Amino acid sequence: MIPHLISTRDLSREQAIALLDISADMAESGARENKKLPALRGKTIVNLFYEDSTRTRISFEVAEKRLSADVINFSAKGSSVAKGESFKDTIVTLREMGVDGVVIRHPSSGAPHLLAERDWIDVPVINAGDGTHEHPTQALLDAYTLRAKRWGDSARSKGLDGLRVVIVGDILHSRVARSNIWLLHTLGATVTVVAPPTLLPPGLSEWPVSVSYDLDAVLAQPCDAVMMLRVQSERMRAAYFPNAHEYSAGWGLTLERFHRLSPDVMILHPGPMNRGFEISSAAADATQSLVLDQVANGVFVRMAVLYSVLTGTEVMS
Amino acid sequence: MTSNIVMQSADVTRAITRIAHEILESNRGSSNLVLLGIPTRGVTLARRIAAAIASIDGVHVPLGSLDVTMYRDDLQKQPLREPAPTNVPVDIEHATVVLVDDVLYSGRTVRAALDALTDLGRPDVVRLAVLVDRGHRELPIRADYVGKNLPSSSGERVNVSLSETDGVDSVDIEREAP
Amino acid sequence: MSSSVLISGATIADGTSSDILVVDGLIAKVGKVSDKTDRVIDATGLLALPGLIDLHTHLREPGFEQSETVLTGSQAAAKGGFTTVFPMANTSPVADNASVVELEQSRGIEAGYVQVQPIGAVTAGLLGTHLADLRGMADSRARVRVFSDDGKCVHDPLVMRRALEYVLAFDGVIAQHAQEPRLTEQAQMNEGEIASRLGLAGWPAIAEETIIARDVLIAESVGAALHVCHLSTAGSVDIVRWAKARGIRVTAEVTPHHLLLTEDLAVSYDARYKVNPPLRRQEDVLAVRAGLADGTIDIVATDHAPHPSEDKECEWDVAAFGMVGLESALSIVQQTMVESGQLSWADVVRVMSSMPARIGRLPWSGLAAGAPASITLVDPTARSVFSVDHLAGKSQNSPYFGRELPGRVVHTMFNGYLTVENGQLVDAETVASAARLRVAAGLVRGLNEERHDG
Ligand SMILES: [Zn+2]
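Protein chains in written order, with the numbering used here: chain A, 1 to 317; chain B, 1 to 178; chain C, 1 to 454.
Chain A extracted, bound-state conformation (with noise of 0.2 Å):
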C-alpha cells in the first residue's frame, strides 16, 4: 500500500482510512490474552532514535513486538553518533547489517526522507517524528481516536468528515500540528488552528486550515475536538511570547475555559503535558479528555503502519 511513512501529505483519503481501518483489527486483537500476531516473524526492525523519546521508542516497540518482529534500539547515546559518525555511514552500516525496517526519530527535518528516498539503504522507513516537520504516526492515532470516539463500532471505512478540530499552541515548531493538519484534511475534518501570531508559520494561509489569534471567540463556536500541543517553555527566549502566565491565559486550556467547553468536546494532547500551561489539570484528566485512549491508541496504529510498510509487494498506487 505504501513503501514508507514520511508525511501524512502523502496518504490518500484511502489509504488514511484503511490504516486506520487496520489500526481497528490490530485493537481487537490487543484485547485477545494472547496478544502476539506472527505477520512481522523473522523481519528485524531497527528503532533510530536520535532525539530522547521514551514514550514514542516503546509504542513502536511494543507494536514491533506484538507482530512477532525483532527489535533493534539504537540511540544516539552511547553509540557511534556520539563520537561523530555522519548519518549517511550510520545508515550504511545498518544495510549491511542486514535490516528490514527502520523507525526514525531525528532532530533534522527531512532525515527520514533522505533514509528513504537515497540509495543508502532501500528498506521500508517510519518518521517516528522528524525536526520541526511531521510526526506521522501521531496524527494517524489521533485520527484514529477521534474516529472511534465518534462513531463506535460503526467506524470501520469511515473519515472523519464534518469533524470541526481546533488545534490550540506552537504551530510554527509542532511536527504534530502538520502531520495532523494534512492527515485531518484529508479525512474530511475542518481544521482551525489557534495560537499567537508568532507561533504560526509562514504561508499558512496557503494551508487548509482557519487561523485565529482568539482562543475565546474559536470555543464560543460548535467544535468536536480541542488539540492542545506542547508548548517549549524555551520560546519565550526567543521572543516568541512574553511569559508562561500570559501565554497560558491567552492560549491554555485554563480551568475556565475547560468549565466553559460543551461536556461532549473530545480534548486531546500527544504529551507530554506541560500541566498548568497550556492545559489544565481539570482539562487533562476530565472524562472528556482523550490523552490516555492516545497512549493506547499508539500501539495499534503503529503496527497498523509497521504491517502496511513492511508486508505486500505492490507499490504505492
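If you're looking for bench data, these hints aren't it; they were derived computationally from the structure. Incorrect hints may appear among the rest.
With a cut-off of at most 27 Å between alpha-carbon atoms, the simulated BS3-like pairs for lysine-lysine come out as follows [stated by the list, open to error]: (1) A:K36 - A:K65; (2) A:K35 - A:K65; (3) A:K65 - B:K77; (4) A:K88 - A:K158; (5) C:K152 - C:K244; (6) A:K36 - B:K77; (7) A:K35 - B:K77; (8) A:K158 - A:K35; (9) A:K149 - A:K36.
In this text, all values refer to a predicted model and were calculated from it rather than measured experimentally.
Use these hints to put chains B and C with the ligand onto chain A, whose structure you have.
Chains B and C with the ligand alone, transformed into the frame defined by chain A:
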C-alpha cells in the same frame, strides 16, 4: 477467456444443506459446535450452514469469523492484504470448531487458520468445511465436508459467487482461451 | 623568443566577425589579419568574449584544501571561461593581513590558469569587531581593493561605517554579505510556505533587505563605495534601484543560481540546494533578472563555494551552505538572460567582465590591441546535459547535474596561452611553464619581485 458454470444456485443450496446434515451427523447433534468462517465468503457460507442446521435441528449454533491474514506465509509475496475482523463470540476451549471456507486449494489458508485458532484457545476438535475442493494441495490438509470436488488445472480460476456479496449463487471455472 | 597565435573568424560580442592576432601574450590586432603565425585557432562559429572575471569566488586555500585549492579553483575557473577570480577572505587563517593575500596571489601566479586577485577581510578574523589590516593589504603586493567579510555580515553599523570611511583612503570598496544575524538564527531556507511545510527554519527576505537599506544610507552619508554581494530578493533590487537613483555609490551582484533556481528545490531535502543567501521564490528570480537587465544589478558573480561530499550528503540542517558555480556560470547566464532576450552578448561582457573589473579596480580594455590576451571562446549553439564531467574543481556540489544547459567554453586563453583547449583543461605543468614565461617576460609581476606600491 472462457468461463464454465459448474454449480448453479440450486446446486449451491443443496451442497450447503448436505454439509449441514453431515456436520450434525458426525458431531452427533449440535452440542459444543462453533462455526468459524474465513473472510469473506467463508463467513457467508458459515452463516448459511448455521441457518441450515437451525432448520434441521432447531438450534442456533455459535457463529463467528476468523481472519487469517496476519498468519499467512505469503505476506511478502503478495500485494498488501488488508486484514478483516476476527469475531469469535464464545470460548472455543473444548469446543468442536468447524472452519468454513469457499475453496480449498493449496491448503495454506487453512494452515494459517489453524495457527490463528491456536492463538485464540484450544478446541477439542477442529473440522473443515468447504464448498469446493479443487485439489492441488501443497500441505497435508484435507476437508471433512465438501460441497463439490472439482478437479481443475492450476492455470484455471475457480470463482465462487454468493448472493450476499456477489448478487448470485454460482461456481464457475475460468480458463485462458486456447 | 616571440610567439604568435591567430584566432581566426571569431564572432565578437557585437555580432561582427573578426580575426584576433595575439603576440607575446598581448592582443596585437583585432580585424582582418593576414600575418603568418606560429599557430592558428579556427574560431569559426565561436564567440570571442574578453576573459570572464568573477568578483566572488571561494578558493578555500589556505585552510580548507580538502574542498578546493588555488590550483583546483583556478582550473574550475578556466573551465568556465574565467581569466580572473577574486577569492574571498574566509580562509584559515583569514585573509585579514598582507601575508595571507600575498600567499594566495602567488599560488595563483604559480598555477597560472587565471589571475588571482585576493579580497581582504573587513574585520580581523571576520569577527566583526575590529578592522583588519586594510591599508596593509591595500599596499601589499596583492594590491587589495575589495574588502569583504563574506560568509558573515559586517552587522555592527559602527564597524560598517568606519570600514566604508577608511577605504576611501585608497579607493577601496566594501563588499557586504547582507545577512542580519539575529533574523537568520538557525535559518535554513527562504522563509515562506515551503519552509513551513518542510519544517526548515525560515530565512526572511528582510534579513537581507534591512542590511542593504542600512548600508546604502551609510555609504551615502560617508560618500563611500558599497558593493552588495549576491543580492537575492525583489525587495533588495528595489532598494538598490532607489539608492542608485539617489546617486549613492552602490554596486550589486547576483549569482547564476539566484537567476535560475527557486526555493521549491528544497523539497528534496537535497543539501546541494542549500546556499547562503537561500534560493528564493520565482518572483524574486524574475526581479533579479530584471534588475540585471536594467543595470540595477551590475554584475554576475558565482559565489563558487566548494564543499566535500560529506558536508552535503547529510541532513539538511547539518549541511554546509554553498554550491560550486564557476564551470556552469556562463551557461546559466546564457540560459536565463541571453535566451530570454534580456541581455545581449555585449551585455554579458559587461556583467561578467568589464564591470567586475571596474568594481574590483582592475584595468580592463577588453579585446583591444595592447590588452593582455585573455579571451574566452564560446560555442553558444552547443547544448549538453550538465554532469560531473563538466566540473574541474575539487568539489562536486553543483545543483545543475542532469539539467540540459546551453553554451560551451571551447577555448580559454589567459595572457596569450590556452588554459582550456577544445573544452578540455590544459594540464597543470604546461600551463605553469607558460605562466613562468610570462613572468620572465615581465608581463606578469613575479613571485620574487620586491613589493612596491603601484
Ligand atoms: Zn556570501
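Hints, verified against the model:
no.: 1; hint: A:K36 - A:K65; verdict: 7 Å, holds
no.: 2; hint: A:K35 - A:K65; verdict: 10 Å, holds
no.: 3; hint: A:K65 - B:K77; verdict: 22 Å, holds
no.: 4; hint: A:K88 - A:K158; verdict: 40 Å, violated
no.: 5; hint: C:K152 - C:K244; verdict: 25 Å, holds
no.: 6; hint: A:K36 - B:K77; verdict: 22 Å, holds
no.: 7; hint: A:K35 - B:K77; verdict: 25 Å, holds
no.: 8; hint: A:K158 - A:K35; verdict: 26 Å, holds
no.: 9; hint: A:K149 - A:K36; verdict: 25 Å, holds
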